[in-house]
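Participant: Given next are the chains, with one letter for each unit.
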Amino acid sequence: MKTIIRKCLTTFLYTACIICGFSSCNDFEELNQDPTKASTIDPNTQLTNALLCIGGDWGVAQPFAFYYCGFVQHLQGDYSTTSDGGEYLNSDYEFQAVWDRMYTVLLKNLVDGINRTQGDSSMVNANSALRITKVFYSTIITDMFGDVPYFDACKGYISGNVKPAYDKQELIYKDMLKELTEAEANLNENGDALSGDIIYKGDIAKWKSLANALNLRLAMRLTKVEPEFAHEQVKNILSRSSGMLKSNADNALVEMMDMLDWDYNEHRRNGLSQLWRGRENYPTCYICSTFWNKMKDTSDPRLLRIGRCYDESSTNPFSRNDVTEYIMNKSGNGINQLQPVKPGFYWWDNWPNGFWDADKSFWWDKACRPMLNNAFIKGNCPGIICTYAEQEYLLAEANSRWNDLNDNTTAEQHYNNAVRASMDFLNSNYNINKIGNDEINSFLSANPFPSDAEGRIKTINEQLWIYDFLNPAEAYSNWRRSGYPELKSSVEYGAKVKDSQSIPRRLFYPLTEQTYNPEGYYSAVKSMGGTDSWNAHVWWDK
Amino acid sequence: MYNKRKFVTLTFAVLFGNFSIIAFADNKPIEKYDVAVQQNDCKVRGTVTDENGEPLLGATIKVKNNKSGAVTNENGVFVIDVPLHSSLIVSYVGYSSKTITVTKSDQNLKVMLSSDSKSLNEVVVTALGIKRDKKALGYAIGEVKGDELKKAKEINVINSLAGKIPGLVISQTAGGPSGSSRVIIRGNTELTGNNQPLYVVDGIPLDNSNFGSADRFGGYDLGDGISSINPDDVESVSVLKGPAASALYGSRASHGVILITTKKGKAAGNKRLGVEFNSTLTLEHQLTSYDNIQTTYGQGNDGRLTLTDDRNSSSSSWGPKYDAGFNLKYFDGQTRPFNYIKNNIDGFFRTGITATNSVVVNSAKDDNAIRLTYTNMTNRDILPNTGMSRNTFNIRTSSKILKKLDVDVKVNYVREDVKNRPALSDYRTNVANNLITLAGNFDQSWLKNNYKKSNGEYYDWNNGDVWNINPYWILYEMENKSAKNQFSGSVLLKYTFNDHLYLQVTGGGDICNMDFQEYAPYTTPGNEIGYMQKSKFNNSSYNIESLLGYHNKYKDFEYGGSVGANIYHIDNKTQIVTAKNMQMRSVIALQSFLNKEISEGSYRKQINSLYGMANISYKSFIYLDATLRCDKSSTLPTGNNTYVYPSVSSSFIFSEFLTNKNILSFGKLRASWAQVGSDTDPYQLGLTYTMDDKNYNNIPVGYINNGVIPNKDLKPTRTNSVELGFDLKFLNNRLGIDVTYYNQRSNNQIMSMKTSTSSGYYSQLINAGCIENKGLEIALNARPVQLKDFSWDLGVNFAKNSNKVVELKDGINSIELASARWAGVSVCAKVGEQYGAIMGQDFMRNKDGQIIIDGSTGLPTFTSDMKVLGSAAWDWTGGVNTAITYKNLTLSAIFDIKVGADLFSMTARKLAMSGKLTETLDGRDAWYISEEQRLAAGVSKNDWAATGGYVADGVVQTKDTDGNVTYTKNTKAINPNDYWTYVGNKTAAPFIYDNSYVKVREITFGYTLPKRFINKWAESVSVSFVARNPFILYKNVPNIDPDSNYNNSGGMGLEYGSLPSRRSYGLNVNIKF
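Sequences listed follow chains A and B, in order. Just so it is clear: in the first sequence, position 204 is 204 by the numbering used here, and no numbers are missing. Just so it is clear: in the second sequence, position 747 is 747 by the numbering used here, and no numbers are missing.
Because the hints were derived from the structure by calculation, they are not lab data. Bear in mind that the values here come from a model prediction, so they are computed numbers and not experimental data. Please note that a few of the clues may not be correct.
In silico DMTMM-like pairs for lysine to aspartate or glutamate, Cα to Cα no more than 25 Å straight-line [said to hold, decoys possible]:
id	chain 1	residue 1	chain 2	residue 2
1	B	K452	B	E528
2	A	K168	B	D865
3	A	K224	A	D404
4	B	K321	A	D349
5	A	K360	B	D460
6	A	K496	B	D302
7	B	K712	A	E29
8	A	K498	B	D713
9	B	K715	A	E30
10	B	K972	A	D349
11	A	K37	B	E416
12	B	K453	A	D27
13	A	K498	B	D571
14	B	K452	A	D311
15	B	K573	A	D34
16	B	K694	A	D42
17	B	K867	A	E94
18	B	K715	A	D34
19	B	K573	A	D404
20	B	K632	A	D152
21	B	K573	B	E416
22	A	K526	B	D842
23	B	K941	A	D349
24	B	K403	B	D499
25	B	K712	A	D34
26	A	K498	B	D556
27	B	K712	A	D404
28	B	K1011	B	D147
29	A	K37	B	D515
30	B	K596	A	E29
31	B	K632	A	D34
32	B	K712	A	D152
33	A	K498	B	D302
34	B	K596	A	D263
35	B	K536	B	D571
36	B	K694	A	E30
37	B	K573	A	D258
38	A	K37	B	D367
39	B	K536	A	D263
Chain A with its partners taken away, still in its complex shape:
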């Protein structure tokens, strides 16, 4: 009996040893490493990812297309643009989506890349470029919501903080200005090659100018709340030896690819253009009457470059017929036959009168609504970070406000540079009927630069508003800051609205923040007056 038991135990132990032998081959720690993923990556690839998203992420661009384009009355009539940005519908889904996208895709990788290159002298340029890019995105998100998580944001892995505090917008702006200043100073032409740079192909001098131009944008944002501080900042920026963007050739643009894809993770085509192109066969990005009339009233040569009329002869938008001139001529009413959509209305509301076309036996009605030119709904429209024209408008305003800037260019010169660069920007980046120099000259002479400071500021910002139709984030922020153009709300146009009686000044925080970051959320709501409201003004908009 005993020997049997002993035999058994030996056999069992022997088997157990064989089994354990299996496991010694498979080191458990190694087994738990995903063979398809890496434990580290070149931060330059994260920079590329972040820069691509500037134009390419339609998740980020969606509130621009649906809310901002409607709020600032560039576009109107498309279902979402009118429902959200024209009827002021509070849609948590949209706010949550952009919040998630900003923090979990863009800022997370930037914070991680900055963290991994911090203090590394061999990565100083990568570090600086990542910091500049982070400022670019942080501006968008704080301008969108006001106080937002900033200093502690995206550190869930680095510090374990999963409930980052909501920082005051004032502190966020001051820190972003500091970041730009430091990054500009740190950028070193003899430093590491910026392999992830898809804007300037590693040209460090241009990155310095970009830092300065962004710095100017941020400084000018503060003219309403802290004009003196803004003044000091602008003086400081202009004193830097690295200089500003010198022409459209220095524009910070990201090249996009000509494709159409609704994959949420597809970043290679312009997401905003794709949203404008729409999900349906026939694009429904209609020009808003405010935008249309402003250009029409000033004989702006861009009017029929931006707005065009199309028939529905093909399900492919790029194969439809452009019938703008046909409609204008055939109806005999010229430009007046084109009927843009008023704020707060859908394209099918107030159905266009149209006219009978005896030749074609066809009643032209829907096609009389001017739409966004096909040139702007292409996948390869560039991603826009910061451009020379915007910089010149802002410098024109700065020189109109303050006369001690030590800038050897006048406000008017900056303004003229800006207008010319604005037109040229469309000529060189989009497939439009080129705007001739004579047209620009006659526009400038027909709309002379005012002599008084307030008149100048009004003119400059109205022009910047027109220019920014391709950059809705800046269009909305700069409208809120400058007050120009003076927009009437949809209510004043007779439209029914849903969740606001006036044009909202920010977006709501996503509702999930109440659950997952209650301390931060309620502290931010408290400082807004107790309720989360999109009629409340962000700090710099006071």
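Add chain B to chain A, keeping to what the hints say.
Facilitator: Okay, now just chain B, sitting in the frame of chain A:
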């Protein structure tokens, strides 16, 4: 190092070696066993019958301690010569054996065998495949015999268990026959896991990976591993419900275990070779239809229909009243009257057919047996051009290679092909989404002839609406396919040293390859340039186990114990190729596309375990068991990756002390306590990075891969449970009742807790929280009537699980389990609530519960925070099984009852917003009249006071200058379209339904031909009429089947775009030769 190929070769070698032993060893017929020449002084002749006096053909008579034996003939008669005082063991499958001592030569011995189901000494399969007396168990175990699964077949065998075992809740997805099933035992114990039980087939854990499932944005349910089990091969299914039952399977079993024992080869009566043929043919029809639909208004907007509307508004039913006198020109240029078309959507579905044919070959001699099965299942679904087929080959051999060595080898191969798995939820190819909103005047059949132009391009019918692609284009041109090859095998070696000690070594493996292909041809709306995605899943797992068991007696004590070791290794690889921009349009292959993106994924882990158990019993009335298991998991950090957990259980047969057993014939009390530890998924300890699979001008794009914050300090989850119960049998076992109470708490859960996304991540992996499940399970089995030829059996089961989220972490009181596509709804675990609270914004209400309406817009107002709108957990579930037997006729039925859970029906929401739901009729007439008056008066919308329309039920709040609030009834009439569109975007409240139901799962009416009719040519023949899911006796949710979840994990309580479910009727024929 483990080597797959070697393993396969070895399995085959053993298998065929074994096969040849049986097939070629001896070809002599075995009418009688060879009778050893010895002193046989008695001649015995006898008859073996069942309880009803029917002779049993093929009953075996063996002589104890002797090689001789005999088999009964067709009259149940046997003759044998034996030594005096020898013991005859009379046995027949499905009946309790009897032992008779021969005291004299007897020419008229009568032996009546009683069927096993009445036997007190029920043997059940418990953890590690160990067979135990049911009465010895200190915990509840549910069992279903294979025969119950054989007739009315489900394509996925696990669905057949619905309604049969208390506390086992089975839900199917809306994915149809090719989809997976959600099985929950005793509620959800894990906050953010799949809560699915472990499946163990003949001792080898089955990889039940769900290859793919739909989320709120939709997708396909690619099925799971268990669906490939062939019902004809199942001997029995044991459900180990609590941790005490499953403690020995370790972490993988923390949600319970479903043990499937497959059939072994056995002697078929008096023949060497037995052949069984089982065939089922069923017809399928749709069970539910979209029935809560208004039949008054057709397509259009604002009560009007413009001439160009036919393309813009076919999915909007806000148009004018149906009017047969009015003709509308449709997309195909045809003009047709504008009237309501009855049974329009039902016409989309066809009659489905499912044919299952299987052949079983059985052979046995002495201790060697082999069983071969081939099954073919072919299904033509109720959706056009949709179906699947499955071929299963199974070989099982069991033999004694040496005197003390038993070898059991099994090889199983399954090939499954599916054409057109239904897309679910918000997927653009979900045909239900198109059909749901199609206006009542628009006949779906018009789309059938016009989905494709003559040049093969998409025929546009609704301005290329990507969310309403022509369903016929989807099914005929965008065909998706999957092919699965699953090869599994196992070898069991059991060496029996003596009556007390054995050593068993089991090795098994499972290799499953699956390809899934999605395709969208050029011009498909949304994928105009063409799209194709090929997903390849290469899954493999192996399991090696050894067990040393000992058993002995000492006076009145019986005691035993075993120790074992186990290695479980899983390695799943995924490769997904996405191709876009199709150039060669005639060939559906990857090379026809210009752009290809490839991504790879991996899932691998290993658990090494050691375990032991001990049991002791005294005089067959008190039993005590204890187990201890130690696991080491590769998914946990070194230092925390080894964890030990115990269990103790006991059973007390108090009826042993009763002198009079006439009323209470059996009584048992049981109690158990157990702990189970569990691990998690691999690769969750550290941050990882990945390269984007898309090529941007040859510049690398990289980013952090994790959406969940990894945790390098994870600890195993612990579940503690206590279970008490009793088991009583009355009136000579005519009535049995089994009651179980349990309470289990899971602590230190490894869960992925949602975080503020401003942390950069959607959630973090933590150890926290406590979730409690308490419940009561009752099973009642009775034979209320038993006459000579007639009997009625009734089984009733009931289970109530009350589940509470006791605590989470850091002041977080709610975590999201899943989110809905629309209306901001989340399914949450909220502290103090049932797991699965459906949360979202609710209507703002005053103290009296009246909805507060905004006086200026006439629209309701909403809370700014998330409210609990419903619960996705069942209050209780139950089932009723009943069978009536008259002579050879049996009629049986199974009812499945689920009560109390809520469902957010996004189908209803979609119907409401498109103006098709009956509720949208309110105020329409009045509104359209008001609009006509307005237009006639030429007044703008803002300046017009509506004369009628939809008046939202609620009150308007006014505040006077002193701040006093008064409420007045809302009177503002608005456009019902505005109301439903606005409300549908803001809240789920009007679309949350009580999802309770009572379903008839199965009805079978069977007839077994009397033996005397068939004994010349077959062993037994039975014919049954079968029906699966023939009726829903009660349901509350309109339009859809209550079992319409679109995935089988956290997305319970959510339904969107569900296709009708299926009912099937047919015939089953079983012939044994």
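Participant: None of the hints should be skipped; say for each whether it holds.
Facilitator: Outcome of the hint check:
| no. | hint | result |
| --- | --- | --- |
| 1 | B:K452 x B:E528 | 14 Å, holds |
| 2 | A:K168 x B:D865 | 24 Å, holds |
| 3 | A:K224 x A:D404 | 19 Å, holds |
| 4 | B:K321 x A:D349 | 22 Å, holds |
| 5 | A:K360 x B:D460 | 23 Å, holds |
| 6 | A:K496 x B:D302 | 15 Å, holds |
| 7 | B:K712 x A:E29 | 12 Å, holds |
| 8 | A:K498 x B:D713 | 49 Å, violated |
| 9 | B:K715 x A:E30 | 19 Å, holds |
| 10 | B:K972 x A:D349 | 23 Å, holds |
| 11 | A:K37 x B:E416 | 32 Å, violated |
| 12 | B:K453 x A:D27 | 59 Å, violated |
| 13 | A:K498 x B:D571 | 54 Å, violated |
| 14 | B:K452 x A:D311 | 24 Å, holds |
| 15 | B:K573 x A:D34 | 11 Å, holds |
| 16 | B:K694 x A:D42 | 17 Å, holds |
| 17 | B:K867 x A:E94 | 20 Å, holds |
| 18 | B:K715 x A:D34 | 20 Å, holds |
| 19 | B:K573 x A:D404 | 67 Å, violated |
| 20 | B:K632 x A:D152 | 37 Å, violated |
| 21 | B:K573 x B:E416 | 19 Å, holds |
| 22 | A:K526 x B:D842 | 23 Å, holds |
| 23 | B:K941 x A:D349 | 11 Å, holds |
| 24 | B:K403 x B:D499 | 13 Å, holds |
| 25 | B:K712 x A:D34 | 15 Å, holds |
| 26 | A:K498 x B:D556 | 83 Å, violated |
| 27 | B:K712 x A:D404 | 57 Å, violated |
| 28 | B:K1011 x B:D147 | 19 Å, holds |
| 29 | A:K37 x B:D515 | 23 Å, holds |
| 30 | B:K596 x A:E29 | 34 Å, violated |
| 31 | B:K632 x A:D34 | 19 Å, holds |
| 32 | B:K712 x A:D152 | 21 Å, holds |
| 33 | A:K498 x B:D302 | 18 Å, holds |
| 34 | B:K596 x A:D263 | 14 Å, holds |
| 35 | B:K536 x B:D571 | 14 Å, holds |
| 36 | B:K694 x A:E30 | 28 Å, violated |
| 37 | B:K573 x A:D258 | 33 Å, violated |
| 38 | A:K37 x B:D367 | 52 Å, violated |
| 39 | B:K536 x A:D263 | 20 Å, holds |
Against the hints set out earlier in the document, violations occur for numbers 8, 11, 12, 13, 19, 20, 26, 27, 30, 36, 37, 38.
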